[in-house]
Amino acid sequence: MVTALAAVSAAIGIFFFGWILYVVLQKGARALTPAFFLELPAPPGVPGGGVANAIVGTLVITLGASILGVPIGMLVGVFLAEFGRHSRLAGVIRFSSNVLMGTPSIIVGMFVYATVVVRTGHFSGYAGAIALAVIMLPIIARTTEDMLHLVPHTLRESALALGAPYWKMTLGVVFRAARAGLVTGVILAVARVSGETAPLLFTALNSPNWGFPNEPMANLTVTVFNFAMSPYEDWQQMAWGASFMITVGVLIVTIISRFAMRQKAHRR
Amino acid sequence: MFETSSIPSGTLKKSGARSISGDMVFRLLTRIASAILVLIVAGILVELLRASWMSLEKFGPGFLVSRDWNPVTQEFGALSSIYGTVISTLIAMILAVPVSLMLALFLVELAHPVVSKIVGGAIELLAAIPSIIYGMWGLFVFAPYMADHLQPALQGAAGGLPLFQGPPMGIGILTAGIILALMVLPFITAVMRDVFQMAPAVSKEAAFGLGSTTVEVARSVTVPYGMQGLIGACFLGLGRAIGETMAVTFVIGNNRSLSWSLFDAGNSIASTLANEFSEASEPMYLSALMELGLVLFGITMVIQIIAQFWLKRMARQTGRR
Numbered sequence: 000m001v002t003a004l005a006a007v008s009a010a011i012g013i014f015f016f017g018w019i020l021y022v023v024l025q026k027g028a029r030a031l032t033p034a035f036f037l038e039l040p041a042p043p044g045v046p047g048g049g050v051a052n053a054i055v056g057t058l059v060i061t062l063g064a065s066i067l068g069v070p071i072g073m074l075v076g077v078f079l080a081e082f083g084r085h086s087r088l089a090g091v092i093r094f095s096s097n098v099l100m101g102t103p104s105i106i107v108g109m110f111v112y113a114t115v116v117v118r119t120g121h122f123s124g125y126a127g128a129i130a131l132a133v134i135m136l137p138i139i140a141r142t143t144e145d146m147l148h149l150v151p152h153t154l155r156e157s158a159l160a161l162g163a164p165y166w167k168m169t170l171g172v173v174f175r176a177a178r179a180g181l182v183t184g185v186i187l188a189v190a191r192v193s194g195e196t197a198p199l200l201f202t203a204l205n206s207p208n209w210g211f212p213n214e215p216m217a218n219l220t221v222t223v224f225n226f227a228m229s230p231y232e233d234w235q236q237m238a239w240g241a242s243f244m245i246t247v248g249v250l251i252v253t254i255i256s257r258f259a260m261r262q263k264a265h266r267r
Numbered sequence: 000m001f002e003t004s005s006i007p008s009g010t011l012k013k014s015g016a017r018s019i020s021g022d023m024v025f026r027l028l029t030r031i032a033s034a035i036l037v038l039i040v041a042g043i044l045v046e047l048l049r050a051s052w053m054s055l056e057k058f059g060p061g062f063l064v065s066r067d068w069n070p071v072t073q074e075f076g077a078l079s080s081i082y083g084t085v086i087s088t089l090i091a092m093i094l095a096v097p098v099s100l101m102l103a104l105f106l107v108e109l110a111h112p113v114v115s116k117i118v119g120g121a122i123e124l125l126a127a128i129p130s131i132i133y134g135m136w137g138l139f140v141f142a143p144y145m146a147d148h149l150q151p152a153l154q155g156a157a158g159g160l161p162l163f164q165g166p167p168m169g170i171g172i173l174t175a176g177i178i179l180a181l182m183v184l185p186f187i188t189a190v191m192r193d194v195f196q197m198a199p200a201v202s203k204e205a206a207f208g209l210g211s212t213t214v215e216v217a218r219s220v221t222v223p224y225g226m227q228g229l230i231g232a233c234f235l236g237l238g239r240a241i242g243e244t245m246a247v248t249f250v251i252g253n254n255r256s257l258s259w260s261l262f263d264a265g266n267s268i269a270s271t272l273a274n275e276f277s278e279a280s281e282p283m284y285l286s287a288l289m290e291l292g293l294v295l296f297g298i299t300m301v302i303q304i305i306a307q308f309w310l311k312r313m314a315r316q317t318g319r320r
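One line per chain: the protein sequences are W and S, in this order.
Take the first sequence: its letters are residues 0 to 267, numbered as in numbering that gives the first Met the number 0.
Take the second sequence: its letters are residues 0 to 320, numbered as in numbering that gives the first Met the number 0.
If we strip away everything but chain W, and leave its shape as in the complex, we get (with noise of 0.2 Å):
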C-alpha cells in the first residue's frame, strides 16, 4: 500500500516534468526563427521581429551578476570554512547566510531599487545585476564552505608544513583539491539566477532597444513576463520562443554540470 503510494508521488513529479518540458519544447519551437535571434521586438500585429537584444541582456546582467558575487561568495565561503569554523562571529556570517538564501528574490528586487534605482535615479543593467549578485551571493558561499569542509585535513597540514602561507595554502592546495565542486557550485548558481524575474521587474526594467547596462536593459525572463500578459497573440508567441531559450539554457546548463560532478564522484 505504502509501496504504491510512494510509487504514485514519483509519478506524480515525472508527470509534471514532463509535461511542463513538452508544453515549453512544443510551443517554443515554433516562435524560433532567424529573425527571433536577430532582431529588435517588433510591435504587434508587425510580422517578423525577435528578441536579439533581450538574450544579450540576459547575458550581459547574468555575467555583471558573476563579476560581483562569485569572488564575494567565495571569499565568505573561505572564512567561514577556514577562518571562522565554530567562533560565534561565523555563526553571525551562516545566519545572516541563511536567512539571505531564504529570501524572495523580489525583496531583493525592492531593496536595490531602494538602495541604487532611487539614489542613480534610472532603472539599468548594473542594478538587475547587483540584484542578481546577491541572490547569488548566499548560495555561492555555502557551496564553498560545504566544498572546502569536504578537503581532508593532513591536506592543510602538509602545506603548512612545508612552510607555506595560509593564503597559499587554501588557493594553491585547498582550492586544487576542491576544484570540480567549486566549479559545478559556481555553474548551478549561476544558471539560478539567469532564470530569476522578480528581481529586474524594478531594476534592469525591460527594453525594447538595444540598451546600455547604464540603462534599462532587456532581458528574456522580465520579456516574458510583459509579453505574456500583453493581449497579442504574436507577442505571447515570443514569450514562448522566450521561455524556450531560458528553460533550455537552464536546463542544459545543469544537466551537464550534475553529471561532471557525479562523474568526480565516482572517480573518488
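No lab work stands behind these hints, which were simulated from the structure alone.
Accuracy of the hints is not assured; some may be wrong.
[What the hints assert, rightly or not] Reference listing, derived: stretches of chain S covered by chain W, where coverage requires no fewer than 3 residues with Cβ under 8 Å from a Cβ of chain W: (1) 22-29; (2) 109-118; (3) 123-137.
[To be verified] Which chain W residues face chain S? A few, computed with CB under 7 Å, are given here: (4) Ala-9; (5) Ile-13; (6) Ile-71; (7) Met-109; (8) Thr-114; (9) Val-249; (10) Thr-253.
For glycine and all other residues, C-beta sits at the position ideal for the given N, C-alpha and C.
Keeping the supplied structure of chain W fixed, place chain S upon it in accordance with the hints.
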C-alpha cells in the same frame, strides 16, 4: 563526532614577513566579504523600514487587518494580500508535504537504485525550471485544464462546500496553490531524502532482523528518527512557497476580493508587488507597497529561523557537524 583540530596560529608567525602580510590581506578580504553579506541582510531590513515609514506612521498596526487598497483615496491595508498568501501557501503545503514524504521514502528505501537515480534526477530538474516558466505553463496550459476538467469535477464531488463556489475560471487561489505545491515539492523532497539517508543502518538492519517489512522499517525507524529534520524540511518549503512571485502572479488572478471560494481570483503579497510596484507614483502608495515587502520579509525570516532551529537540532542529535 568529527572535530577538526584548528591549526595553531603560531605557525603563521614563523614564516617570513612577506607571507604574513599576504595572510593578513587574505584574511582581511574574507572578512570584508563576510561583512558585506551581513550588511546586505541588515540593509534590506533598514531600507524596507525606511521606505515604508510613511505608511507605518499613517496606518499603524491596522495596516495588517485593513481590507482597503485604494490608490485614489490613498487608503491601504494588507489583509487581502496576506489572506491570499496564507491560503495559497496552505494549499501548497497540504498537497506537497505528503507527496514529498512518499517521494523521499521511495527514493531512499523502496526504489531500485537505478530507478531512484533517474527519478531523483528528474525531481532535481523540476527544481531547476525557472519560476516564470511555471507561470507560463500555469496560465496558458494548466489554468484552462483546471477550468475544463478539475474545477467542474471538484464541484461535482463537493459542490455544496463554500470552498468550491463560483464559475470555474481556471485562474485563482486554488490554481496558484497547486502550482506552488509543484514548485516546492523538489525542495522538500531533497531535504527529506538527506534526512532519511542519515538514519543509522544498524537500527534499520536490527528492525529487518526482527522480521519487519521495508514499509514497517520506514514507519517505525526511518521516519521517527528523522522527525526533526522532516519538520525543518517543511519549514524550508514553506519559506519558498510564501515568497514565490512570478508563477503566482501569472495565475492567482490579481483581484482584491475576500471570499471563501478557492476558485475566486485573489492576490498575494508577492504578486501585488510584482504588479503594482512600477506603477506606484504617489509616495504613500510606494510606501504601502514597501510595507507589504517588509511584512513578507519578516514572515520569511521567522520561517527561516524556525527551519534552521529544527535542522540544527536534528544535526546535533545525530552527531553531524
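- Item | Hinted contact Thr-253 of chain W with chain S - closest CB pair below 7 Å | holds, 4 Å
- Query: Can we keep the Ile-13 of chain W interface hint, with Cβ of chain S closer than 7 Å?
  - Reply: holds, 5 Å
- Message: If you count the residues of the segment 22-29 of chain S with a beta-carbon closer than 8 Å to a beta-carbon of chain W, do you get 3 or more?
- Response: As far as the segment 22-29 of chain S goes, the hint holds, because 6 residues have Cβ atoms under 8 Å from chain W.
- Taking the closest Cβ pair, is Thr-114 of chain W under 7 Å from chain S? With a closest approach of 6 Å, the Thr-114 of chain W hint holds.
- Query: At a threshold of 7 Å, is the proposed contact between Met-109 of chain W and chain S supported by beta-carbon distances?
  - Reply: It holds, given that the least Cβ distance between Met-109 of chain W and chain S is near 5 Å, below 7 Å.
- Query: For the segment 109-118 of chain S, do at least 3 residues have a Cβ located nearer than 8 Å to some Cβ of chain W?
  - Reply: holds (count 3)
- Status of the Val-249 of chain W interface restraint (C-beta, 7 Å, chain S): Holds, because the Cβ-Cβ distance from Val-249 of chain W to chain S comes to roughly 6 Å (cut-off 7 Å).
- Is the interface hint for Ala-9 of chain W satisfied, with its Cβ closer than 7 Å to some Cβ of chain S? holds, 5 Å
- Holds or violated: the segment 123-137 of chain S covered by chain W, criterion of 3 or more residues with Cβ-Cβ distance under 8 Å? holds (count 13)
- Message: Interface hint check: Ile-71 of chain W, Cβ to nearest Cβ on chain S, cutoff 7 Å. Holds or violated?
- Response: Holds - the Cβ of Ile-71 of chain W comes within 7 Å of chain S, reaching about 5 Å at its closest.
Going down the numbered hints, you'll see the structure goes against none, and every one checks out.
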